[in-house]
Every structure is written in structure tokens, then in C-alpha cells.
Amino acid sequence: MVMILEDYKNNMMRCTRCSYCKWIPHPVMSDLRFTGVCPSIEKYHFHGWSGGGKQIAALSLLQGRTEMSESFADMVYQCQMCGGCDVSCKVERDLEPYEVLQCLRFRCVETGQLLDAHTEVMESLKKEDNTMLGLKSERGDWAEGIAVKNLSTEKAEVLFHAGCRYSFDKELHPTARAGLKLLLNAGVDVGIMGREEVCCGGRSYEMGYKGEFLKYAQSQSDLWKAKGIKTVVTPCAECFQAFSVLYDKEKITSQVEILHISTFLDRLISDGKITLKKSVPITVAYHDPCHLGRLSEPWVHWEGREVKVLGQSIIYDPPKNKRTGRGAYDIPRNILGSIPGLKMVEMPRKREYAWCCGSGGGVKQAFPDFAMETAAKRLKEAEAVGAEALVSACPWCKHNFMDAVVDSGSEMKIYDIIDLVAQAM
Amino acid sequence: MMSFTRDTYQALEDIVGSEYITQNPEVLDTYCFVWGTELMTNGDKFSTRPHAVIMPETVEEIQAIVRVCNRYNVKYKAFATGFEVVALTAAEPFLPIDLRRMNRIIEIDEKNRIAVVEPYVSQAELFVETIKKGLRPNVLGAGPSASILTGTAAHMGSGPQSISTDYGGRNLLGVEWVLPDGEILRLGSLGCDAGWINGDGPGISLRGALRGYGGANGGLGIFTKVATKLYPHYGPKKFEVGGRAPNYEMKIPEGFSMHVVAFPGIKQMKDFVHLIYEEAICFGLERPGMFLLAMAQTETNSELAQLMESMSKEDQETASFSLIIGLDASSEREMEYKKKLLGMIIDQTGGTDFPLGEKDEGILLNSMLTGQFMTRSAFRMTGSFALAAVGEESIDSSFDLVTKAYKGFLKDAMDSGKILKLDTESVWQIVYGDGVGHCESIIFYDPADLESTKKAVECLEKGDEMVAKWRLGINSLENALSYKESAQKAARPLLTHDFVKYIRKIKAAFDPNLLSESSFYVAGKEDG
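Here the protein sequences come in this chain order: A and B.
292 is the number that the numbering used here gives to position 292 of the first sequence; each next residue is one higher, with no gaps.
274 is the number that the numbering used here gives to position 274 of the second sequence; each next residue is one higher, with no gaps.
Hints may contain errors.
To be verified - Away from chain A, derived, C-beta distances all over 12 Å, residues of chain B:
no., residue
1, Glu19
2, Arg71
3, Pro264
4, Glu461
5, Leu514
Said to hold, decoys possible - Derived lysine-lysine pairs resembling PhoX-like cross-links, with alpha carbons at most 20 Å apart:
no., chain 1, residue 1, chain 2, residue 2
6, B, Lys421, A, Lys308
7, A, Lys149, A, Lys230
8, A, Lys181, A, Lys277
9, A, Lys308, B, Lys411
10, A, Lys308, B, Lys454
11, B, Lys238, A, Lys350
12, A, Lys215, A, Lys225
13, A, Lys155, A, Lys181
Claimed, not checked - Covered by chain A, according to a simulated footprint, are these stretches of chain B (three or more residues, beta-carbon under 8 Å):
no., region
14, 143-153
15, 185-196
16, 230-243
It should be emphasised that the hints constitute simulated quantities derived from the structure, not laboratory data.
Cβ coordinates follow ideal geometry from the N, Cα and C atoms, glycine included.
Take the sequences, apply the hints, and build the full model.
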């Protein structure tokens with residue numbers, strides 16, 4: 001059942017403004033400097049910017065007390081859609097703040113409250129099939145010189161989907177290339193789509209353009225089927241979450257196995273096809289990307305109704321899965337832990353209550369300063385635990401951290417997990 | 001005549017800058033919606049939209065804001081985390097002063113065992129920082145996200161550890177107070193640059209005027225810093241926490257022991273509480289009632305419904321006559337002594353110390369240390385709860401009030417199906433360090449259901465009436481009736497002393513223009 005904003009009205013009325021959505025769950029707090037979970041409220045302060053505040057604002061909208069306006073849309077879009085609020089809320093409640101945030105974005109688009117920066121991205125998507133304002137003809141350039149099958153004309157079991165960021169961000173090309181080479185060198189029957197690769201659609205969904213998302217999702221699904229692909233591997237956490245969660249949520253089904261590259265690498269390491277033997281003597285903190293972590297919990301469909309027992313006790317019939325951020329946390333840590341010489345330290349905010357890199361939800365495009373400030377706070381957190389390097393598993397995180405390093409003058413080194421695996425080979 | 005003009009807005013914006021004041025309606029609506037608003041507005045989730053909302057960062061900015069409000073005749077109210085009905089609900093528009101940017105722990109004085117905090121420091125945050133120094137704060141039942149300052153200086157404050165820390169007001173030491181005319185008053189030793197250690201004198205103590213028993217709930221100026229007492233913490237500097245969202249499990253460290261003790265009836269439970277209070281061996285004590293106890297053990301409402309269905313009426317009653325006891329000790333020998341004594345009291349009163357698994361013990365310790373019990377347990381099942389028949393009484397009377405309320409009107413209300421239906425008393429109960437019992441008869445209602453909300457309001461009114469008619473002490477009345485001045489007015493003929501008259505004089509003396517918003521304090525002028 002696809003829910004719309006109105007379906008969450010009772011949820012909104014049951015918000016009690018407790019502000020749990022602003023902090024990481026209190027049992028895991030350990031350092032006063034790092035107790036926030038919501039970049040949006042930390043930056044903009046007024047309650048409307050919090051997860052709970054948006055429930056209230058949404059109710060106000062539904063009751064006709066307010067209308068979707070430019071300022072309302074700004075409040076909605078000044079949020080990375082990182083899902084931290086949702087995890088913290090659900091420690092206490094059976095509410096769905098994240099779904100309300102998503103529905104508010106759909107409402108912004110439906111009512112024409114668009115941001116110029118997002119419109120630009122969407123035009124690029126419609127015209128060039130990417131969110132990076134790049135030319136479709138240049139999409140496969142990142143893999144130039146690598147002897148790899150092009151699945152637009154050849155066959156392979158595994159498709160390596162680079163994603164928009166890796167395809168068009170030249171600074172990140174070495175990482176994408178390293179990732180592909182790791183698979184090739186391990187003997188994986190892998191190919192790429194080259195310039196025929198298209199966007200996963202995930203970013204358009206988060207920005208509220210559901211129609212465009214559905215178009216890309218269906219197109220990807222049809223492509224995989226037509227090419228006989230068995231497994232899609234992507235080094236991008238956003239693509240992974242779109243393929244594995246959003247497609248399922250919107251009932252775009254396929255029989256293809258979807259893997260983030262970290263999982264694939266972990267398998268190759270376990271199977272002895274990749275051996276990490278070189279020492280990488282560095283102290284690193286692992287940053288859980290939202291899209292590989294809390295947002296990647298598999299979608300469990302639910303068709304049912306809210307019923308009351310014991311007079312007023314609210315339950316779901318049949319019982320509904322409570323999404324609480326069951327994502328991929330151990331695998332990246334296992335990989336890092338198996339690199340000789342590498343020392344891992346944990347930041348106070350990690351796993352399902354990790355602080356966001358700041359890049360998601362269209363924030364990087366529309367509010368770059370906000371994205372940068374959010375990333376800079378993560379650099380401080382990594383510094384506080386003595387890390388020399390911050391490691392992620394998503395190109396959007398990596399790029400934003402790299403920008404923040406330049407902007408803040410930090411000496412933190414920024415890596416993707418692929419970079420470190422490649423170094424250890 | 002209230003006036004909030006363009007000039008008023010400009011004068012306020014000049015103080016904090018354009019980034020920290022707004023009149024955007026979608027933002028303002030998040031400042032007139034709070035837990036329990038619907039109980040005051042005939043079911044509407046929104047009370048009157050405020051004029052604007054402003055967010056100062058310093059005491060000087062607050063002084064300037066208060067002076068502008070006096071100049072332009074604008075009602076204002078400061079609040080911290082803002083999740084109780086008293087924080088933001090009002091019939092007339094006012095200026096909410098959001099203190100979110102004032103979130104610093106100014107000082108943790110280990111030697112004198114005090115912490116000085118600004119308004120937006122949460123209970124959880126102060127807890128995390130103080131345990132690193134072998135101390136812990138008084139924690140209220142309002143939960144980890146609630147402001148430490150609020151429960152200490154501005155609002156009623158009771159919590160699961162009150163048996164060892166007493167209620168909020170007893171923890172109040174030095175205070176920095178922006179009076180309703182914008183002047184600063186520093187109480188006690190702070191007023192003569194002698195630190196935060198004492199909030200009394202020189203001369204008469206103003207701590208009583210500042211908060212009375214129930215707190216002025218924003219109706220008497222703004223508290224910008226308070227010193228609060230700290231207590232010895234015998235646990236680790238950081239608790240080991242297992243599990244994952246939504247169920248984090250605190251590992252029980254040495255120095256703590258958690259118990260659930262059940263009694264065959266109310267008399268035995270009363271006897272136990274008297275004895276355990278007398279022996280002063282526990283750091284925490286609470287009677288959660290059957291429902292809250294069951295809630296804490298489950299992750300979702302569906303799980304809870306299944307658990308409830310599996311419980312017989314007898315099981316429910318047994319759980320209802322249960323207490324959670326927390327022991328802490330500085331040494332193995334001390335813990336041995338406390339456990340032995342606890343066992344003797346249990347034997348003497350016919351109780352049963354239920355064996356707890358490690359996981360359950362961890363959940364209970366976490367709840368007791370951080371006050372999470374209420375927020376985790378009481379909101380989830382129906383969406384909200386309210387307190388009908390609240391009392392600050394002798395231990396025996398507080399138990400009796402719960403029973404009386406249940407039999408008097410709550411059972412019928414539950415049977416109507418419009419509030420949560422339970423087969424036992426629905427209660428949260430504690431004892432303060434001075435031996436006073438605090439009880440709350442809890443009604444669980446659905447704020448998204450008008451009929452349920454109306455029934456909750458009816459129960460609140462009946463609870464107030466019961467407290468007044470039973471002629472309980474003034475503490476009960478001030479707490480129970482602070483929600484509504486109309487309730488105070490109705491109760492006044494029943495009282496031997498018209499305490500409202502005296503509070504009104506305090507209000508008028510401190511706030512001659514009557515601008516510190518008083519929906520949950522006396523209005524200043526005679527009502528009606």
C-alpha cells in the first residue's frame with residue numbers, strides 16, 4: 001500500500017513534541033559535543049526544522065491552517081532526509097516521521113514549490129539521464145582504458161553500476177576504477193553499461209519527483225531483465241538504497257540480486273579471491289552512510305488497517321514492521337578490520353544513529369553551505385576520537401567530506417572503503 | 001491592550017538578528033502544538049498561534065526582549081525543550097521565547113556536587129557529563145529530553161530517583177533570573193559573588209516565591225541559569241550499552257542492582273514503602289503499574305497487546321501491586337548489606353522479589369537512571385496520556401488517592417472504551433526524599449480521537465474535584481490544579497486557605513504589567 005500524506009494524519013496528531021527526534025537515542029550518548037542526530041535542527045534551530053516539527057507543520061497543512069509556500073518548502077528541503085530523526089523517534093513511539101518528510105516533498109512538487117537548484121538537476125536528469133549536469137555521452141569515461149565488458153553489447157552475470165556521482169565526478173574516478181578492478185582481478189564476470197548507464201532515480205525520489213523516479217526505476221528493471229543480469233553491484237550507497245529499498249517500496253520488482261560493493265568485497269575476501277596483505281598503517285573512523293546504514297533496511301510491504309484494542313490501544317492489523325534502521329553496519333567494519341596495520345576507532349555517533357555527511361536529499365545542490373557545515377561537524381567528530389582518516393562507502397559522502405576538508409582547513413584524510421582495500425592488495 | 005506591530009517585530013529582530021526570529025505561519029504552528037494541547041482546546045491540536053517566535057542566545061538578549069515586551073505590551077513566555085502542555089498552550093497569542101540556543105553546561109563542581117546549567121541542557125546530556133565525574137543529577141519522569149532547569153526552577157519535578165534526590169524544587173540552588181521587568185536577580189550566594197552553592201538569602205529566601213511547589217510554569221519571568229544538586233554515582237563513567245534501536249540494553253555494572261517486588265495487596269505495599277523509606281537503602285523507587293511495566297518490555301504496540309491478552313486478571317493485579325527498586329552501593333559490602341536489608345523488608349511485608357533476566361534488569365536501570373519510563377511507556381500505546389488525580393501526600397494517602405480515583409471514576413471511564421481499558425489501577429507513584437508520596441492516576445487517551453480526548457478532559461476535571469473535595473494538603477492542590485485557574489477557582493470554596501490569593505500577590509509584585517504569560521500560573525488579576 002503506497003501511503004500519502006493524509007494517511008499519516010493520526011500519526012501527526014499523536015506527536016507529543018518530545019524532541020527525541022533531535023538527539024541520538026539517549027542510552028548511546030557519550031559526549032556532549034556529539035549528541036545531535038538532526039543536521040537540520042542543529043543548523044536552523046526552530047522546531048519546524050526537526051522531524052517532529054515537520055509532523056506538526058504537515059498537520060497544519062492538512063488542516064488548512066497553512067499552505068505550501070516558498071518558506072514552507074525551504075523548511076521541508078533544508079533537510080538531508082538522513083532518517084536520524086526516525087530512528088530516535090521509534091525508540092519511543094510507533095510513528096513514521098520519515099515517511100511524512102518524504103510525503104511533504106511529494107507535496108512540494110505537486111504544488112509547484114520547486115527549488116531552482118533541484119529544477120536544474122531534474123532537467124539534467126530528463127535530458128542527460130544523470131543528476132550531475134553532465135553529458136550522457138561522457139557517462140562511461142570514468143572506465144576508459146579498463147578492459148571490461150560493455151553490457152550494452154556483451155553479456156555478464158554481474159553489472160557494475162557506477163552511479164551518477166562516480167561517473168561524472170573526476171576526482172572520484174580513481175575510486176570507481178579501483179572498485180571495478182578489484183572485481184575484475186578477482187575473476188568476477190562483470191561488466192558496465194558505459195554511456196548507456198542511467199541514473200537510479202533515488203535522488204529524484206528524495207527531492208519529491210516521484211514520477212521521474214518511477215520512470216527510471218522501471219527502465220532499470222527492464223534493462224536488467226533484458227540483459228539477463230543476475231547481480232547488480234554498486235559502489236554508491238544511494239544507488240544501492242534506491243535499487244534495494246525504494247524500487248521495492250514502489251513495487252518495481254526484479255529478480256536481480258542487489259549488492260553494495262562492500263558486501264561483494266566481503267564475499268570475495270571470505271572466498272579467498274581477494275587477499276589483503278599489504279599493511280595500511282593508519283587510524284581510521286568509519287562513517288556509516290545513511291543510505292547504506294539506517295535507510296537501507298529492506299522494505300516490508302504492509303496492507304492493513306489501524307485498529308484499537310483495549311478501548312484505545314492502537315495496533316496494526318496485521319502487525320506492521322517497525323523500520324528502525326536495520327542496515328549494513330558490520331560488513332564495512334569487518335573489511336576495515338581485516339586490513340593489516342589499519343586501526344579503527346569509533347565515533348560517538350555510529351551505525352543507526354550516525355551523523356549524516358550532509359550531502360543527501362538535494363541539500364548539496366540547493367544549500368551547499370549547509371551541506372558543508374554538516375560535513376565539517378563530522379570531521380570534528382572524527383578528529384575527537386583520534387582518527388587520521390575518515391572512511392565512507394558512498395561517493396556523495398566522500399565528495400562532501402573532501403569539500404569540507406578544503407573549506408575548513410582540516411588535515412583529515414578522506415577515503416572510500418574501496419580505496420583502502422585497493423591499498424591493501 | 002495587546003499589540004504586536006511591525007515596530008515590535010523590528011525591535012525584537014534588532015536584538016537577535018533576522019535569523020533568530022520568525023513569523024512564518026508554518027513555523028509558528030510548531031509553537032502552539034504540544035503534548036496535551038487538545039485537553040485545553042476542546043480537542044484541537046493547535047492552540048492560538050503565537051505572534052512570532054524568537055530565539056535568544058544570551059541573558060542580555062533575554063533582558064532586552066523582556067524590556068521590548070514591556071514597552072509594547074506583549075505577553076511572552078520562555079520555554080526549554082517544550083513538550084509539556086504548560087510550555088506552549090495559551091488562549092491568547094503571546095511571544096514564545098525558545099531557549100534552544102542556551103544549551104551550555106556552565107560548570108560541574110565536583111567538590112560541592114553541583115552543576116550549573118542553561119535552560120536547554122537536557123537531563124540525558126547532564127547525566128552523560130556528570131557520571132564521568134562520579135556524580136549524577138536529579139532526573140525527572142519527564143524523560144531524557146526534558147530540561148534540567150525546567151524541572152528544577154520552573155515546573156513540578158518528580159522522578160524515579162526522588163526517594164534519594166527529592167523533588168525538583170529541593171534541588172534548586174543558585175539562580176540567575178530575568179525578572180518580568182527585565183532586571184536580573186541572582187539569588188543567594190550568587191548575588192554576592194559567592195558562587196552557586198546556595199539559593200537562599202541574604203535576607204528572606206525568594207526560592208519559594210520563584211517556584212512555590214508546583215512551579216510558575218513560565219508565568220514569572222525567565223530563569224537563565226540554575227545550579228542543581230548532584231548525587232554520588234557508583235557506576236562507570238560510561239555505561240556499556242548493548243542491543244540496537246529501538247531496544248538498547250544497559251549492562252548492569254557493579255554497584256547497581258534492580259528489583260521488581262510484587263505484593264499480595266495494597267496494605268503490604270504501603271508497609272513496604274514505609275520501611276524502605278525509613279532505611280534509606282535505595283536510590284530509586286517507583287510504582288509503574290501493570291501497564292507501564294508491560295510497556296517497557298515490548299518494542300511495539302502489537303507485542304504489548306499480545307502480552308496483555310496473555311495475562312490473567314490475577315496476573316495484572318499482581319503486576320499492579322509491584323514496585324521497581326533500584327539499589328546502588330559504593331562497595332560490594334555495602335551492596336550486600338542493602339540487598340540483605342531489602343530481602344528482610346520484603347519478607348516482613350509478604351512481598352516477592354521477582355527474578356529478573358539481565359536484559360530486563362538493564363531496561364529497568366536505564367529507565368530509572370534517565371527517566372525514560374514515562375516517555376517510552378506512556379505515549380506509545382494510545383498516543384498520549386494525562387494525569388487525573390495527582391497527589392503529593394503522605395505515603396498512605398497517596399496510595400489511597402489512586403485507589404479512590406480508580407474506583408470513583410476511572411474504572412467507569414475505562415469501561416466506556418474511550419480511554420485505555422485496564423483491569424487494575426493505572427498509576428505511576430514515587431516517594432520523595434522527605435517522605436512525601438507522589439501519585440499520578442494515569443489515563444491513556446488518543447489525541448487523534450475527539451471522543452477519547454473529551455473523556456480524558458472529563459477525567460481530569462473529576463480528578464481535580466476529588467482532590468479538592470477530599471481536602472488533601474495544599475501541595476496536592478497546587479500541583480493538581482495548576483493546569484487551570486478555573487479549576488483553582490472552583491476549588492477555592494472548599495479550601496481552608498485560599499493559597500491562590502497569595503500567589504497572585506507574588507505575581508503582581510514581580511510582574512506589574514502582567515506580561516509573563518500565565519496560562520498555567522495565576523493570572524495576576526482576580527478572574528471572573
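Structure-based check of each hint:
The claim that glutamate 19 of chain B is not at the interface with chain A is violated, since a C-beta of that chain comes within 12 Å of its own (minimum 8 Å). Under the 12 Å C-beta cut-off, the non-interface status given to arginine 71 of chain B relative to chain A holds; the minimum distance is some 25 Å. Distance check for proline 264 of chain B against chain A: the nearest CB is about 25 Å away, which clears 12 Å, and the non-interface claim stands. With a cut of 12 Å on Cβ distances, glutamate 461 of chain B stays outside the contact zone with chain A, its closest approach being about 19 Å.
Separation of leucine 514 of chain B from chain A is adequate, the least Cβ-Cβ distance of about 27 Å exceeding the 12 Å criterion. With a CA separation close to 11 Å, the supplied pair lysine 421 of chain B and lysine 308 of chain A stays within the 20 Å bound. Distance check on the hinted pair: lysine 149 of chain A and lysine 230 of chain A sit about 15 Å apart at the alpha-carbon level, within 20 Å; holds. Of the pairs offered as hints, the one joining lysine 181 of chain A and lysine 277 of chain A holds, with about 17 Å between alpha carbons and a cut-off of 20 Å not exceeded.
Of the pairs offered as hints, the one joining lysine 308 of chain A and lysine 411 of chain B holds, with about 19 Å between alpha carbons and a cut-off of 20 Å not exceeded. For the hint pairing lysine 308 of chain A with lysine 454 of chain B, the CA-to-CA distance comes to about 17 Å; that is within 20 Å, so the pair holds. The straight-line distance between the Cα atoms of lysine 238 of chain B and lysine 350 of chain A is roughly 16 Å, inside the 20 Å bound, and the hint therefore holds. For the proposed pair lysine 215 of chain A and lysine 225 of chain A, the alpha carbon gap of about 16 Å is at most 20 Å, so the pair holds.
A distance of roughly 18 Å separates the Cα atoms of lysine 155 of chain A and lysine 181 of chain A; the hinted pair therefore holds under the 20 Å criterion. For the region 143-153 of chain B, the proposed coverage by chain A is satisfied: 3 residues have a C-beta within less than 8 Å of a C-beta in that chain, meeting the threshold of three. Coverage of a stretch by a chain is defined here by at least three residues with a beta carbon nearer than 8 Å to that chain's beta carbons; for the region 185-196 of chain B and chain A the count is 0, and the condition is violated. With a threshold of 8 Å between beta carbons, the proposed coverage of the region 230-243 of chain B by chain A holds, since 3 of its residues qualify and at least three are required.
In summary, the numbered hints that this structure violates are 1 and 15.
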